[in-house]
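Novice: Residues per chain, in single letters:
2 protein chains.
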Amino acid sequence: MSSYSIAEAARISGLTTHTLRYYERDGLMLRPVERGATGHRRYSDTDLTWIDLVTRLRSTGMPIREVRRYADLVRSGAGNEAERLDLLRGHRSAVLAQLAEVTDHLGAIDRKIGIYVDRLEAQGIGPLTSSALEGVDSSS
Amino acid sequence: MSSYSIAEAARISGLTTHTLRYYERDGLMLRPVERGATGHRRYSDTDLTWIDLVTRLRSTGMPIREVRRYADLVRSGAGNEAERLDLLRGHRSAVLAQLAEVTDHLGAIDRKIGIYVDRLEAQGIGPLTSSALEGVDSSS
DNA sequence: CCTTGACTTCGAGTGCGCTCGAAGGCGGAC
DNA sequence: GTCCGCCTTCGAGCGCACTCGAAGTCAAGG
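If you read the sequences in order, they're chains L and Y. According to this note's numbering, the stretch in the first sequence is residues 108 to 247, in order. According to this note's numbering, the stretch in the second sequence is residues 108 to 247, in order.
Treat the hints as calculated values from the structure; they're not laboratory data. Being a predicted model, the structure only gives us computed values, none of them experimental. Idealized CB from N, CA, C, for every residue including glycine. Treat the hints with caution; some may be incorrect.
As the list claims (entries may be wrong) - Reference listing, derived: stretches of chain Y covered by chain L, where coverage requires no fewer than 3 residues with Cβ under 8 angstroms from a Cβ of chain L: (1) 164-172; (2) 186-193; (3) 198-211; (4) 218-227.
Kindly produce the complete structure, drawing on both the sequences and the hints.
Specialist: Quick look at the structure:
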């Protein structure tokens with residue numbers, strides 16, 4: 108079982124040391140990170156695995172306070188798995204909805220890109236009018 | 108050619124009146140919105156179409172300042188279509204990267220959900236251990 | 001012994017994107 | 001005439017998630 112300094116944990120997780128301390132302060136860790144003889148933090152593999160999950164939840168848009176709620180549930184031990192499942196499933200739905208929305212918006216932006224491409228290809232062939240370029244095309 | 112009060116524009120766009128004024132103040136509109144006799148804003152269809160594009164750019168994560176850069180380009184008229192295209196294409200790439208990342212993270216979260224489902228289905232069949240529940244599974 | 005550098009705590013500061021409230025103008029219904 | 005409702009400007013405030021800096025501790029290297 109290896110352990111890591113906060114600088115190593117930062118390098119591995121991709122977070123800054125400031126953020127790692129901030130997460131711990133803010134109750135996002137399952138328990139306070141262990142300390143070595145000098146009072147320095149020693150991150151365990153379990154800590155890093157947990158931080159990885161936190162990062163995934165954060166990167167998919169879960170607010171800090173909800174990550175903390177989840178951490179609270181895990182910390183309070185066995186017996187609330189159904190609640191944890193609800194929380195994760197709720198988040199999953201939100202993420203899927205967000206993916207669908209972003210994909211839809213991207214489609215409209217793509218059509219806009221198409222307009223510019225057409226226009227640039229047409230340069231020298233016909234005169235340019237700017238009216239079609241101000242909004243998104245009417246098919247949206 | 109119809110025109111709309113700020114309240115109507117808010118209802119149509121899904122933004123608040125506060126946000127509509129804020130966008131205008133912040134240089135996100137192509138030009139100041141027209142005013143009626145009483146000094147009240149009158150949004151045109153062109154304005155609403157533009158606001159729709161702004162909303163799509165914002166919803167896909169484009170920062171306000173970059174939307175403003177794009178608005179500046181459109182405002183300055185014809186001749187910079189290539190630059191606009193670059194901006195939109197750059198954004199498109201960023202959005203695709205973000206979609207891929209979120210999808211990947213979601214996969215890891217899904218596996219975690221699977222763990223809870225298995226665990227809940229196994230209730231009464233075997234004893235629970237909590238170790239597997241603290242992190243994401245090792246296949247990530 | 002002194003410097004270097006990695007760490008500690010604590011609290012304040014930053015950037016973003018709104019969000020809100022105060023104070024006032026104007027037009028129409030009663 | 002006065003009340004209502006919608007609008008105006010301006011500037012301050014807020015929530016989120018960091019991000020940073022100051023001041024101090026400690027161990028090892030030269």
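Novice: So, for every hint listed, does it hold in this structure?
Specialist: Hints versus structure:
Counting residues of the segment 164-172 of chain Y whose beta-carbon sits less than 8 angstroms from any beta-carbon of chain L gives 4, enough to reach three: the coverage restraint holds. For the segment 186-193 of chain Y, the proposed coverage by chain L is satisfied: 4 residues have a C-beta within less than 8 angstroms of a C-beta in that chain, meeting the threshold of three. Check result for the segment 198-211 of chain Y against chain L: holds, 9 residues qualifying (beta carbon to beta carbon below 8 angstroms, three or more required). Note: the segment 218-227 of chain Y has 6 residues with beta-carbon separation from chain L under 8 angstroms; the three-residue rule is met and the coverage holds.
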